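The hints should help you fit chain B onto chain A, whose structure is shown.
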Amino acid sequence: MQAGEVHTQPDLLDVDRVRADFPILQTRVNGKPLVYLDNAATTQKPAAVIEAIEQYYRSQNANIHRGVHHLSQVATEAYEQARRKVARFLNARSEREIVFVRGTTEAINLVASCFPRAGCQPGDEILITEMEHHSNIVPWQLACQQYGLRLRVLPMDDRGVLRIDLLDDYLTDRTRLMSVVHVSNSLGTVNPIKEIIARAHARGVAVLVDAAQSVAHFSVDVQTLDCDFLAFSGHKLYGPTGIGVLYGRENWLEKMPPYQGGGDMIRRVTFEETTYNALPYKFEAGTPNIAGAIGLGAALDYLESIGLARIARHEAALLQYATERLASISGLRIIGNAPAKAAVISFVLKDIHPHDVGTIVNHEGVAIRTGHHCTQPVMDHFGLAATSRASLAMYNCKEEIDQLVEALHTVIGMFQ
Amino acid sequence: MKAELKELYQQVILDHNKNPRNFHDMPDATHEAEGYNPLCGDKVHLYLKIENDRIADVSFTGVGCAISKASASLMTMLLKGRTVREANRLFELFHGLVTGELDPEAHADELDRLVVFYGVRDFPTRIKCATLAWHAFQAALENKKETVSTE
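Protein chains in written order, with this note's numbering: chain A, 1 to 416; chain B, 417 to 567.
Bound-form chain B, shown alone:
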């Protein structure tokens, strides 16, 4: 198989696709929003519990491809416990990573497990799959009732 394809579909991504973490709804969420990619019909519903500007809990539900599901799953793992400001900084880095604007090695510590998504930059049509959950996260922070679209 091609190297780029292997880099896109890393074992960690395939594992999170199969067994997504924090994959449930949250009746007592303080913030929530839905992200939608009209190109493929992918949907992710994101739930946040924010206490004193810190993300006390985060979860998601929805349907999507391996990239969007794994991205949502890893995102929830990494957001838990962070302040909103730290979370936004992480999205900035992640966005740079998948669009190829950021050198992953220079930010390896901050990106943590998100580095597995560096292969996405070779697949421009899949960047929106990787960022869908993050857009939903940002919409949830603003408590947007309307579905946010990747388009």
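With the rest of the complex left out, here is chain A:
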């Protein structure tokens, strides 16, 4: 039976049924039921994904694309079917626009490495924002060093909202590309990405969307957004680690030189000259993560069986509940108070260090993340070294928020 078929009320997510699909949620930690609130780092995997990967290795494993034997054809079809699922999931115009990579980080590195070689001149500018993950900062710094580009940073305000009012000043005649996060992993801010893209395009600037924290929480349509590139990781949307996607508009992918050289990305090789393979294979050198792509395809099937609209509603209600409960704790300050937020609550508790908070709540079975969340400039903005972060997924429920709140009271009790 498909998970989606068990929902009797079409609008409501049956969280108990969803939880039953995730074997790891039965884990007990320190004698308490696991409360997994570290979903922005990675999500847990439904049985359907685990089984698809096992099934591949048990009965389909072979290298893809060039084998004429049975298994190679089966594996190739399974891998390419996963690509078609991704194309449908993002509403891409064609599978040629879907490049499999290791994750969001590699997708951004690919664009940072290849885009400047497709028409940037020294002195041209790349625009990012103050709330980017390190993976959307460092690749651009490397590109700037290599190609003589200049990195500019659109600031945010103290609620964690981008200063869109300044955007037109930051989009200059020299700006070639803007790389911007869709949902902030440390603040939860949902950026007005469609408006940003429209304004960038009005200035002839291409836009890369870091969708690592958005695709698991609400539906993302690359044609509606009109983005030039979009990157996400499989493991943050219930799929395996080591697989991710770069969506690239076909004309850009055609224009850009290859990222890595090797097998599968070529059409003909001689020692004098090599012609490259067609899209998207031009960007997939070497044997790819076949099992990972198939697992990702299974995760997308699972997501669609539940329905992203239903997931978004469930998580929005839970976020509101969690925000209210946490805000009612005396001495707790939520970091990131944008009007539009998704799935993430960062906070500091009195002057108690987040590392101590994390250790103590772990003893109550609660998994949260503590640290800078790979967004040190965000921490600098708020004058903090670290925060504690609870991040939600479709399988989380109110009882788990209550368990977190109770655990935080234990922390306060210890440090009194």
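Hints are supplied without guarantee of correctness; some may be wrong.
From chain A, some residues computed to sit far from chain B (all C-beta separations above 10 Å) [as the list claims (entries may be wrong)]:
#1 19
#2 76
#3 94
#4 123
#5 155
#6 157
#7 161
#8 163
#9 352
#10 353
#11 356
#12 370
#13 377
#14 415
Listed next, the in silico EDC-like pairs over lysine to aspartate or glutamate satisfying Cα-Cα at most 20 Å (straight line) [unchecked claim]:
#15 B/434 <-> A/351
#16 B/459 <-> A/380
#17 B/422 <-> A/406
#18 A/350 <-> B/431
#19 A/32 <-> B/420
#20 B/434 <-> B/423
#21 B/459 <-> A/351
#22 B/422 <-> B/521
#23 A/32 <-> B/431
#24 B/418 <-> B/538
#25 B/418 <-> A/406
For the record, the hints were derived by calculation from the structure and aren't laboratory data.
Predicted model, so just to flag it, every value in this text is computed and none were measured.
In this text, a Cβ means the ideal position worked out from N, Cα and C, and glycines have one as well.
What follows is chain B alone, placed relative to chain A:
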């Protein structure tokens, strides 16, 4: 509350977290260094005044969790007056204590007040919090200008 958690967050540790001793900078330090834990962003800046191979004064500044702050605080108290060699021996013992390689009872006298950190061994992710100040101390002895990292 769980026993291990109580052992980690002993009253002495919580007290030193709240009221760290020797928590100030030292303009006339002969040696100094900064320790940094990139996992959590904890920083400790360590100052030493060494006279005739003896630690005449020691202090620290920085931000950190209860474990790293209390460790730095207790370390400064215990280092004052020791020779560099004695201090290094104490770090060796302390390291053995928090990694669980050393029997605290067999070395109780030498470890002195540092025994309160024996609970750390049950929390492998927190060992680096406990040793951060000590790594900074060692870097300061070598007068390393670059920040030492726990990673």
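For each hint, the structure was consulted:
{"no.": "1", "hint": "19", "result": "26 Å, holds"}
{"no.": "2", "hint": "76", "result": "41 Å, holds"}
{"no.": "3", "hint": "94", "result": "42 Å, holds"}
{"no.": "4", "hint": "123", "result": "33 Å, holds"}
{"no.": "5", "hint": "155", "result": "21 Å, holds"}
{"no.": "6", "hint": "157", "result": "23 Å, holds"}
{"no.": "7", "hint": "161", "result": "24 Å, holds"}
{"no.": "8", "hint": "163", "result": "25 Å, holds"}
{"no.": "9", "hint": "352", "result": "8 Å, violated"}
{"no.": "10", "hint": "353", "result": "4 Å, violated"}
{"no.": "11", "hint": "356", "result": "5 Å, violated"}
{"no.": "12", "hint": "370", "result": "7 Å, violated"}
{"no.": "13", "hint": "377", "result": "12 Å, holds"}
{"no.": "14", "hint": "415", "result": "7 Å, violated"}
{"no.": "15", "hint": "B/434 <-> A/351", "result": "10 Å, holds"}
{"no.": "16", "hint": "B/459 <-> A/380", "result": "14 Å, holds"}
{"no.": "17", "hint": "B/422 <-> A/406", "result": "18 Å, holds"}
{"no.": "18", "hint": "A/350 <-> B/431", "result": "16 Å, holds"}
{"no.": "19", "hint": "A/32 <-> B/420", "result": "15 Å, holds"}
{"no.": "20", "hint": "B/434 <-> B/423", "result": "17 Å, holds"}
{"no.": "21", "hint": "B/459 <-> A/351", "result": "16 Å, holds"}
{"no.": "22", "hint": "B/422 <-> B/521", "result": "19 Å, holds"}
{"no.": "23", "hint": "A/32 <-> B/431", "result": "29 Å, violated"}
{"no.": "24", "hint": "B/418 <-> B/538", "result": "12 Å, holds"}
{"no.": "25", "hint": "B/418 <-> A/406", "result": "15 Å, holds"}
Violated hints, in rising order: 9, 10, 11, 12, 14 and 23; the structure is consistent with all others.
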